[in-house]
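A.B. asks: Below are the chains, spelled out letter by letter.
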Amino acid sequence: MIARILLRIVAWAVMAYLVLPLVVIVGASLTATSYLAFPPQGLTLDWYGRMLADTSYVAAFGTSTALALAATAGAVLLALPAALAIARHDFPAKRTLLSLLMSPLVLPHVVLGAALLQYCAALGLMRSFAALLVGHVVIVTPFVLRSVLPQLTPEQRALEEASADLGARPFETFLLVVLPQIRGGLTSGAIFAFISSWINVELSIFNTTAELTTIPVKLFNYVQYTIDPVIAAVSSITIAVAAVTIVLLDLTVGLHVLSKRR
Amino acid sequence: MTAALTGDPATVPAAAPPTALRRALPLLAAPVAFFVAFFAVPMVVVLSSSLMAGGAPSLANYARVLLDQYHWDVLAVTFRIAALTTLAVTLLGYPLAYYLVRVVSSNALRRGCVILLLLPLFTSNIVRSFGWMILLGRNGLVNDTLVGIGLLERPIRFLGTETGIVIGLVYILLPFIVLAVGNALATVDPTLEEASADLGSSPFTTFWTVTFPLCLPGLIAGVIMVFTLAASAYVTPALLSGGKITVFPMLIFQQYSTVFDVHYGGALSITLLVFTLVLVALAGRIGNGGGNRS
Amino acid sequence: MPPALLSIRDLGKRFGGFHALKGVSLEVEHGEFIALLGPSGCGKTTLLRCIAGFLTPDSGDIRIGGDSVTRLPPHRRPLNTVFQNYALFPHMSVLDNIAYGPRRHGVPRGEAAERAAQALQLVGLEALGARYPRELSGGQQQRVALARAVVNRPKLLLLDEPLSALDMKLRKRMQIELKHLQEKLGIAFVFVTHDQEEAMSMADRIVVMNRGLIEQVGSGTAVYATPATRFVAEFIGEANFLPGAADGDGGLRLAFGTAAVPYSGPHPAPGPGTGAGGSRTGVLRPEHLELLDRADAPGFLTERGIVEDVINTGGQTLVMVRVGDALLASRRLGMPGAGLGRGTQVVVGFRPEHLHVVAGEPVP
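Residue numbers (my numbering), protein chains in the order written: chain F, 1 to 262; chain L, 1001 to 1294; chain A, 2001 to 2364.
Please note that the accuracy of each hint is not assured.
Unchecked claim - Derived contacts from chain A toward chain F, CB cut-off under 10 Å, selection only:
hint, residue
1, His2105
2, Arg2109
3, Arg2131
4, Tyr2132
5, His2288
Stated by the list, open to error - Partial chain L-side listing against chain F, Cβ under 7 Å, derived:
hint, residue
6, Arg1023
7, Ala1060
8, Tyr1062
9, Leu1066
10, Ala1088
11, Leu1092
12, Pro1095
13, Ile1245
14, Phe1275
15, Val1278
What the hints assert, rightly or not - Coverage of chain F stretches by chain L, computed from C-beta distances (three or more under 8 Å per stretch; other residues unrestricted):
hint, region
16, 12 to 22
17, 42 to 54
18, 63 to 69
19, 122 to 129
20, 210 to 222
Hint data in this document are derived by calculation from the structure and do not stem from the laboratory.
Since this is a predicted model, take the numbers as computed values, not measurements.
Beta carbons are placed, not taken as given, at the ideal position from N, Cα and C, and that holds for glycine.
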């Protein structure tokens, strides 16, 4: 019984610890003071207005969004056929290939960022959108692969065989049977891919410039020198984006984490 | 077909006949080409530049890294922070995961907690570290509270200490371990625990002899992920160190962004990579050994 | 003579070190009901999957109506399959599931729906077209799978243990329905099962398979009364085995209790199957081993024995009798009579013409 109570206390303390910094940021973005204060002193939305007036922030939001969307699309186009091949065919070196495609998950992003900087410099792509994009596709592809692969089950395989048996050509089978069945995994994988790209600093920082920058990199460069409520306002916007994404994820495919369904 | 489900040996996977590769190739061409071009080759470029000095193959860059006590000090700090972070994350994350999966009975509450758990995960490291910069400042909420309730006489310095960095990293990496352990817990068949209780085990014994070993693979996966992410973190230490503490990824960043010495920087990158992978492999081996014993 | 509907020549298939098919040949005629019967791992499912096109055989040829389909992908083969767990598309309604086949063959939407409705009527589920598969019971799902497979009017239908997921009562009913449907549609069925009763009660011909080879092809009566091999005798029904050896005069001597019964009826010649000792085995079905009231009953070969067990199986009684070293089973209709119990001394006997001899030794 005491163990139960202790467990409850620890669990709620940890939950509080998880939420606290986000609450602080949102709170601090509303302060009327010119320095960061929490709890906020006075309430104002001025800092959000300042942010919107600064075109460099708007541009960075634009770059981040375009980059995250393009990287997600790229990851889906690469991960989907790879997942089908891995789930459906027993070719040599399958495990090696899977490790290669999944390794960006554990590889230090700083190392990969540095590698891509050097490599893209050699290709003449240094600090371009293309250089950012290829790096982001590499780091987010594992998310799509990881969520699609478990859905290509033997039961799913039987449906594909039934489809072929009824006269569907392979592409028809893919469109009419495979895609509707893996939609859930694909959606959640794509959302994870999008958000991982959207929040990335360690990889992006190597290939951004003053003009071409993403929102987290811009924040990073700014925070190191100045701290003011504008930063809190920008951060709050990114928190809101995260919150909207999660709710979207929950409403479309459902958050099947920590539940017994999978 | 369903024969695979019934374990009919007729559907035991074929031993990789050449036709399998021929059929898989059209699907594999694009992903493999992309990963080779923009992942494998760049990594090889880093490796090969690290092995070049003055236009000739040489181990001079590695000598420069490994013979300098400073680098060993930085490595020690990096992995100490990573180890402490991993330990704290496990001690805090495991109870939360257990609570959310096994104790919380309301689905709505669990769903709310999962959303709160994912929210930091979906927020940039910058933003999250920034939150701690506000909280851990000399006049931040943490110091105010600790002084206010009389635990401290005067504010202490968190920013610029290893403690501050660990607090920030623990915060950033907690969701990973909660999700890894929680998902493992959710798949443990409750009838196994009932069987254990039925055979006369106390809840405590049941946990240690049935539940914990069954979730161990999930825990190990989470621990490895957290450790590698902590050891390779750049943003959080950079923001919370206040320039007073250096971790290894910062050295790499300096070489590529300001000095642009790809040879020395390459050697630093490969060093971090090798140390991380070796420690991960060791952790995996210890974890597996534990799994076999139980 | 027109070519057989399905003609399989010397089919071989390996999975790594596992030899699933070792040269299988089989012909199936139009409208025939064929059961592929055997224990798990015997190759029956592999054979079915090769016919359907989900597996490519390593050697041999498969022809349908005289044309080789061995290298044809599944969607271009003129046959359909009923899958073991039905493989109904969960994201489509029952009607859409059934209309899927005609749609893929270019039938316009309206006509496909019409055909699907007819097929649904055929299996008696016309009211359930709008439901989704998860809303149906196991038996209903089974019928939908059947309707989906026959809607294209294939000449050949493959069924992979289609009834194995149903409970016993429902299975018996579906066996009868399936047989009637097959006769009504005139489609040839190739039906995989490991249930010998199912095979016996439905199939025109039974193909008994073991270890990647066909042991015997024949009617249910033939495989039961005159099994071609020791495996078939053991696998189909119950049997008493009387070990035998050549008597040197072209006849055999079979061990029955303490006696060595001379036997000169039809029996396989010594060959590779009989082993070095030229051993043969007499197969005697339990219903042919009778409990007699005297040892000199005319026309019978008799021995004395002691009852070890009397088992009432509901309408039939199985009496286990120790005769010499052997424990033999005798079955008769009716309830066990009074005065028959463990330890009772009895006389058992059989008519020699009921004995059937196969090559090889009995498995202990």
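A.B. asks: For every hint, state whether the structure bears it out.
C.D. replies: So, going through the hints one by one against the coordinates:
no. : hint       : verdict
1   : His2105    : holds (5 Å)
2   : Arg2109    : violated (14 Å)
3   : Arg2131    : violated (18 Å)
4   : Tyr2132    : violated (13 Å)
5   : His2288    : violated (44 Å)
6   : Arg1023    : holds (6 Å)
7   : Ala1060    : violated (18 Å)
8   : Tyr1062    : violated (15 Å)
9   : Leu1066    : violated (17 Å)
10  : Ala1088    : violated (11 Å)
11  : Leu1092    : holds (5 Å)
12  : Pro1095    : holds (4 Å)
13  : Ile1245    : violated (15 Å)
14  : Phe1275    : violated (10 Å)
15  : Val1278    : violated (13 Å)
16  : 12 to 22   : holds (count 8)
17  : 42 to 54   : violated (count 0)
18  : 63 to 69   : violated (count 0)
19  : 122 to 129 : violated (count 1)
20  : 210 to 222 : holds (count 4)
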